Amino acid sequence: MEASEFPLELQSKAFQILSSNDDTPIETLFSHIYSPQHQHQHHLRSQALAFLQCCKHHHPDLLVIKLFFLLRTDALPEKRANAARVLHFLKPAEFWPKLKPIAQARLKSHFLAYLAEESSLHVLRLVSLVLAEILSVTYKTHQNWPEVLDFLISFVASDDDKCREFASLVFKNLPNDSRLLVSNALREKNDAVRVLHASVFKSLASSNRDVQVTSFGAVVSLVQLFSEPSMFHELLRAIMVGVFTLLHCSEASYFRSAFAELINLVSQVPLLLKPYMNDMVLDVLQIAESDTLSEGTHCLAFQLVVAMTEVKEYEHVFVNLPYETVQRLFFVPMKMLRCVADDGCGGKRELEIEKAGMKGLKKLCAALGASKAVRLACEVFLLHLDNAEWKVRRARITMLSVIVEDFSDEMVN
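Just so we're aligned, residue 592 is where the sequence shown starts under the numbering used here, counting upward by one.
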């Protein structure tokens, strides 16, 4: 709905509610959007969302001040969480620049005071999304907020896991187009790089898995701060140790989240990672070839190789890999192609792994080049020529279809 389409009556009602000292109407609004008991009452949710959009267009200062007030003063964590959810839903990158400078200054002050008081980790996790966006838009619009940077530095260096996780989440959630700006602002602060490096390095080895995993994201976001070779080497080594630690964690989601950040790192800073790529390929193979790990974990590990094939700076890595290593790499997607049900009608999980195997095979073949890919395909074909198992035959045929599609001339030769 466009701003001009909001009825005057709704605009007037919005002003009254936002100006009132009675918070009941706005909390009722939250319940219509987020309460499980209203999940199926779509008309109530639709009306509540329309009301919020009206407030955002016509009374942004009043709305944001009201939400920040509830965030700081409401005694119930769930209501504070709802205020944070609404702030994020309203997209801080859109509403923050529209606020009057005096409103921005007031809210910045309240925000810092609130962060020092908030006791709920659940609420802080939601607030981290809001703060990351406000911090981003602040520096993208050529403004500064040095106080919050000092605050985050002190939090990430804290011995309190809640503080460390929150600060890492803020850095992790910074939009890509503002990470360099924020990193430059941090670099200008006396001793900030050293403190951040030491703190993140410590968090990467934390026994608190939430702190450990969020620190992976913080490294990726602030990686330009740590580009000095010895500093980056220390962090990368800690990341790889952390990956293998999380690999054996009882909660698989921690490994998935951490490895996803490692893939992001590989994609974003190839020049920093080029010297380490051969070792990283061997680390990936160690995971992908392990019989004690699931097919899903093998698949996730191989995604790092796929990410490498998509970055020009890593082309030389595949060209220069020892042939034995290339063979081992080739067998990983082949194994994934065999991940189908015995009746040939696999479920969603099997189909996803098979699809990932085909994509991985195509990407790997393209990176290896025609002569090496065709030679490997022929070796694999001959190796399994007498294998009567239909899964193997099916994988072999799929492999040939990929090779023929991309390298038909080389196959003829």
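Hints in this document: simulated from the structure, not taken from any laboratory. Being a predicted model, the structure only gives us computed values, none of them experimental. Treat the hints with caution; some may be incorrect.
[Stated by the list, open to error] Taking lysine-lysine and the DSS-like style, the derived pairs with C-alpha atoms no more than 30 Å apart in a straight line are: (1) K793 - K691; (2) K963 - K903; (3) K647 - K670.
Status of the hints after comparison with the structure:
1. Pair hint K793 plus K691 does not hold up; C-alpha atoms about 40 Å apart against a cutoff of 30 Å.
2. Our distance criterion of 30 Å between C-alpha atoms is met by K963 and K903, whose separation comes to about 19 Å.
3. Proposed proximity of K647 and K670 is supported: the alpha carbons are some 20 Å apart, at most 30 Å.
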